[in-house]
Amino acid sequence: MSEAELLLWVRGPALQIATAIFLLGVVVRLAEILMLGRKKDLAEARGSAVAGGLRTIFSRFVPDRGTLQRSTFNVVAGYIFHIGFFVVLFLFTPHILLFQDVLNVSWPSLPTPMVDATTIVTIIALLAVLAHRLQNPVMRFLSGFQDYLVWLVTILPLVTGYLAFHRIGAVPPPTLIAIHILSVELLMVIFPFTKLMHAFTFFMARYYNGAISGYRGVNS
Amino acid sequence: MSASLDRGLNAFREQIDAPVAAFFSSCVHCGLCAEACLFYTETNDPTLTPIHKLEPLRRVWKQEYTFWGRYARAFGLTRPVTDEELTDWETLVYDSCTMCGRCSMVCPVGNDIAYMIRKMREGMAAAGHAPPDLVGATQRAVTIGSPMGVKLPALQAQIRHAEEELGFSIPVDVEGADYMLLLSSMEIMNFPEFISAIARIFKHANVSWTISSEAFEATNSGIQIGVSDIAAELVERIVAAAGKLKVKSVISPECGHAYMAIRWEGPNLIGRPYDFKVVHILELLEQLREEGRLRTTGKETQRLTYHDPCQISRRGGVVQQPRNLLNMVAEDFVEMPETGTMNWCCGAGGGVSSNERADDLRLKAFNRKKKQLDAIHPDAIVSACSNCRIHLEDGLEEYGMDMPVLSLTETIAEYLAGSEQAGSKE
Amino acid sequence: MSKDETLGEALRRQGISRRGFLKFCAATASLMALPPGMVPAIAAALEKARRPSVIWLSFQECTGCTESLTRSHSPTVEGLIFDTISLDYHHTLQAASGTAAEAAREAAMEENYGKYILVVDGSIPLGNPGFSTIAGISNKNMLLDTAKGAAAIISVGTCAAYGGIPHAKPNPTGAVPVSELIKDKPIINIPGCPPIPVVITGVLAHFLTFGTIPELDELGRPMAFYGNSIHDRCYRRPFYDKGLFAETFDDEGAKKGWCLYKLGCKGPTTYNACATTKWNEGTSFPIEAGHPCLGCSQPDFWDGGGFYKALSMPTEDITRTAVYAVGAGAAAGVALGALNRAKKKRIEKAHEKVTINDLEKGD
Amino acid sequence: MDTELLKVESGEDLTHNVQPLLHEIRHALVKLLDDGGNTVIDLRSLPLAPGEEQKLLDKLGQGEVYARLHALGPSEIVETRYPGVWVVVHFNYDNEVIGKFIEVCDMPRLLCSQQEDIRQGLEQLQTQLVWCNE
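Chains as they are written, first to last, in the working numbering: chain A, 1 to 220; chain G, 1 to 426; chain E, 1 to 363; chain S, 1 to 134.
Keep in mind the hints are simulated off the structure, nothing from the lab. C-beta: ideal position from N, C-alpha, C; glycine also. Every clue listed holds true.
Far from chain S by the CB rule (all over 12 Å, computed), these chain E residues:
1. ALA45
2. ARG50
3. HIS91
4. GLU110
5. GLU111
6. LYS169
7. ASP184
8. THR321
9. LYS349
Pairs of lysine-lysine, DSSO-like flavour, derived with a Cα cap of 30 Å:
10. S:LYS55 x E:LYS256
11. G:LYS62 x E:LYS361
12. G:LYS244 x A:LYS39
13. G:LYS248 x A:LYS40
14. A:LYS40 x G:LYS277
15. A:LYS40 x G:LYS62
Chain A with its partners taken away, still in its complex shape (with noise of 0.2 Å):
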């Protein structure tokens, strides 16, 4: 396969595949989830479990006091390489083009430079982390294969799209592209198998986590 006709399929079917398995994979998860159900709760409310739900949802993108001065490193960095790798997935000009064309709907992009910067500081903030998962006892002993994984493959995406929007390589450009597009559907057809889903999954459970304590009339 000659680098041309590389780019053609990864953009073509290849993005297909992925996009199937991805949305597939995604939908059957979260159909699972919720289709298990819970019961009707029979106790008095004392206050509104959709309320709660709704609330935590996004107080809980806020981390607590305690939380924030115990953890202050694993908070921020956290922090960052999640919004960096927003930063650069949903506001850069050639992804917002294909948002568009599958979704045909558009936004404003961020200056090109903001980006390319966001894009160092994520990979830097996700070296960081990795090295805190490494170094942090606890994270240390929770992490699995997939923790290392799901990582990997969060972190490709970044590096193979700087080094083929600067064209930095020994490969020529339209194959680093095309990589980048792999490393992106790679992270797409692992996605449903994956913590990743928690992408998705962090609504309900943040949901839920604020309709129980919601419907005692707690702020969670």
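Use these hints to put chains G, E and S onto chain A, whose structure you have.
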């Protein structure tokens, strides 16, 4: 019948619901829950990380309720949960977790870990992996009516004693009273002053109340050990007594898990809503205060702080009431650095205090509370859970700290307007 | 012009001065994208070069490549290069036709066996030999026959190099490029739709000058012309780096000459010399004229999802796949969820009440 | 014509290649003085935005020498305002540009009479003389 791995795994399967599935799907092993758990922060033992305590339950979820997990199991990629593992997890689930729910408050993806521990205990108990002390307490609760083995005559003796001190009678089995008061065995045995304090306040506020001789025990070992069938049986006793006495409300006393059991889990355990209300004593006192029926004179000059019992504030929703009540009687009320719904557990809830095996660990974990207290140096701690109070006293003694631990209800009673004891605490 | 005559002799016979010859060499060096310092070496080589025989075969093509090459009718450097070769067969250009033309081809092949250059434009249909024939000979057979005695093959245009438009989906004629059929000869691809004329002559000049084929990239293209992407040499590149894009063909960005990425420019993945050599005697090139690069020198450029679709857009209809995947996922998820529910129901039904006697393990 | 479009034609210093080119020329002049080494820059091998080439030529300006050759079409050889820096432009018979170079040297080689041409001219002169003498 006897406990077995099969029954335990079945209980896991039965307990797993959408929230559990959403929680397990969301965990990214960030480790923040460890920093929210006093058992980890005071031991630095990574195995005590809250989410790790749920590992067997997670595996059952994955293998039973996810498409991919079923295949992974078929291909031998995941191992089934074994009895040996449950043995290993027993201390994690019972000894080093009070179900205080602090981890549930900090988890960035919103996992309610305490909710899952409660469910996991169902399987652990069914598999025969509950701590022996908790098994004993539960058996006493069912057979004798109290986990501590307190029988009616003991209560009657305390009531008589209180009546002598008060000079008026305490209503027992009064049909048609507005409120039926429950008591925890600890209050009866360790803090009988509570009974007379309540009696004085209710007389002062003109509350129509009674104690049932058939169901006075508020505690529920069933929800601590994690057997809903037994917990339901204990709740049914209260429901029956409330029905018999035709009361409008049942009062949950100063006991954390008792409130959780009767207020929040009760109707779900018995599978039907109550036809009476359940109020916590602090809720009732606050209501009386708002109505102007609870009046006090004088104020405590000592520096007081309030220790939130987890099941009453964080997990129960009674947060502001104790503060309003304390401000009524305390001149110098100070909050601990992390308080209210973010308060640190004393380390003895969720059955840990009934589990002798965990004694060293809970005293070690108490160091967290010590640090909190060291930051504000109060003269006395006020709380609203006799279990917390006993452990606070234990802990303070262990760490050589001299500090009285007071009941909020009793403190209020001491400053009742028109009370001959007002202002003369000692 | 005799075939034994050297290029130097031929030019001199035409009355071209040494100055003219040096000027020609300088222009040729520029043409071949060689450093100007090599002019003396080129002059020395060209002086002695002998005019090669060239056979030009046209298959499934539009004659655009030939047009590109011959459009200028005054003596240009390209023209001069062509004057120095012996174009023995080109069915569009030659006066002879039919049997005479084929005879000329066979004669040239026989006379220069193993030495002639074969130039091909157009792709070869394999679906049915009748799709394209010359003098009753199928393209495939003519190519195989003519290639046998060639020293080297130059595939001119994207059709000959990569299949081009005939090869585009669904490729009704089963079109293939030359390289698909010929494996044992050096093949130089000069893709483009059409290729830049000076690139064609540049390659011929290289062959004339050095008697070798130039350095090629992995797609068989001369590195001298295809070594950089359009994007890398594009004067609008600074706008790309800054993220300034024309959104439409008539907006402010377009007027200010901003990057055409959003309008579908394939410059970043297209290798050609347009941005430096330019077209129409160095006047301009598509991007300079305000139109995005189509990527015509790349394989399968016609199937790249659309000329006006940005490079980051999928080449196929992902939306439909997405809708189907979500639908299928919902159906499968609900089915699996229902199985889970049934299982839970079963387990709940089988629940054995736990009493205080069940809390310890049996023996 | 739209004034906005004209702005594109005049172009700003888009590729930023003009300044580096001038520096390259400066280095070439230093080299010429030091060891007599010549430098040739092929202007068509560089990516230049519309207007940038003109900008460069404007900066170099016109010097004392302007020569026009007629060999295989016209060529212009102009010394810029910086002695030793020459702009050489080759045209074909249709006046289309076929090569554009900046040469840094004493004098572009093409301006010198070439050995072969001199020899051929000599032959022609001799033939002429023989013919005249007859």
